[in-house]
Amino acid sequence: MTETIPDTGAFVTPACYVTVQQFYAWQMGLLDDGQSDAWADTFTTDAVFAEPGLPEPLHGREAIRASVRERTARLRRERLTQRHWFAMLTVTETADGVNTRNYALAVATPQGGELAIRGHAVCLDELVAHGGSWLVRRRTIRPDNRAGQPV
Amino acid sequence: MTETIPDTGAFVTPACYVTVQQFYAWQMGLLDDGQSDAWADTFTTDAVFAEPGLPEPLHGREAIRASVRERTARLRRERLTQRHWFAMLTVTETADGVNTRNYALAVATPQGGELAIRGHAVCLDELVAHGGSWLVRRRTIRPDNRAGQPV
Amino acid sequence: MTETIPDTGAFVTPACYVTVQQFYAWQMGLLDDGQSDAWADTFTTDAVFAEPGLPEPLHGREAIRASVRERTARLRRERLTQRHWFAMLTVTETADGVNTRNYALAVATPQGGELAIRGHAVCLDELVAHGGSWLVRRRTIRPDNRAGQPV
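Protein chains in written order, with the numbering used here: chain G, 300 to 450; chain B, 300 to 450; chain A, 300 to 450.
One chain only, chain G, in its complex shape (with noise of 0.2 angstroms):
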């Protein structure tokens, strides 16, 4: 009896796979702690961030700043207490880094009140190594909803 070998996709390391859950885990509990520069200088100088509720991608880490310190405000008007996860983690080799691929849910809790369940996406990444750890030169969230239209 012979098997197929599946195509896993090129594994990477424990090490680096490691390396990468850890950074999301701090990375989305900066934006979800609502500490807008934190999470803006995990992002490249001239990162890019693109996804179907913006008008266009932001391009690089100031306008990325801009946009998350207006989103974070408007979170604590409304007293909304908003949570990121990511999980089912795929991740391959580039050159100076990693792509990868991350189911992301984002759910919300309003004070005193029930939580709401957001929607769910795909979030593709672009890291470059940086210091031990990481920076997004790239990112692109693919709702589900919108699944089957241009992106």
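Please keep in mind that the hints were generated in silico from the structure rather than gathered at the bench.
Note that the structure is predicted; figures quoted are calculated from it, not measured.
Glycine included, each C-beta is placed from N, C-alpha and C at the ideal position.
Careful: at least some of the hints might be erroneous.
Claimed, not checked - Computed, partial: chain G to chain B, Cβ under 7 angstroms:
1) F310
2) P313
3) A386
4) L388
5) Y402
6) G418
7) T439
8) I440
9) D443
Unchecked claim - Which bits of chain B does chain G cover? Going by a derived footprint, with three or more residues having C-beta under 8 angstroms, they are:
10) 373-385
11) 400-409
Once you have looked at the hints, place chains B and A on chain G.
Just chains B and A now, kept in the frame of chain G:
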């Protein structure tokens, strides 16, 4: 003061654990992306797939392939994007691989619509080592809403 | 072009991180499977368990044991299967163990019924190294719907 040593169930090495994590992210991503054949090829040729929703367990990779092709075609007709989250992974070594337990959550989003949670299950797998990755030899799905009933 | 180095919060080694991941999957699985005594034994004898739902924090393993036995009995009477998902784990080293932060989501499914999400919290733990695994010395649960209130 003495402490009871918890039975930690013989944790596996980090290298083993992380390979299994990468396997599931990759494997379930294939299913969710509608890559039916690649997904079927992650099972051994004599694999058994058991879940209460099936009249009887599927026997063999080709039976699994036929089933997943049908499922993928149905989701496409319904314009539904389904995502499987596996987490809370425990791994124990066996003679030729590992036994795993995952919490599994399935969510589905229609095009232009709202996410719905399909339910929670425990997924019990027998994996066999294969070319630096794994193949599933047996998968048993235990939906939480059938807890207390005969499996 | 210079890049700001993010403060990555001193990522722990892959070996450490993965052992903590395995600990939580195993520990919370014990709770969800109704193994009250085994779960209580994952706390130190002098552990403190604090969550806003309790009139005051539980002090000591035996107080935790009494509380979890009551909880397990109640869920059995209600024929409810509860599952705890811990994820987005961050780990920092301490003198005799690690401090951790998890996102925690609790879901519950009645026999024959539909899953309900019980809510989202942040779980802050002090773990002490013990026999290749960990014991919880202090657990603090911060539900998102109480954000902004005194802890």
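Status of the hints after comparison with the structure:
no., hint, verdict
1, F310, "5 angstroms, holds"
2, P313, "4 angstroms, holds"
3, A386, "6 angstroms, holds"
4, L388, "5 angstroms, holds"
5, Y402, "6 angstroms, holds"
6, G418, "5 angstroms, holds"
7, T439, "16 angstroms, violated"
8, I440, "14 angstroms, violated"
9, D443, "4 angstroms, holds"
10, 373-385, "holds (count 6)"
11, 400-409, "holds (count 3)"
Checked against the numbered hints given earlier, this structure breaks hints 7 and 8; the rest are met.
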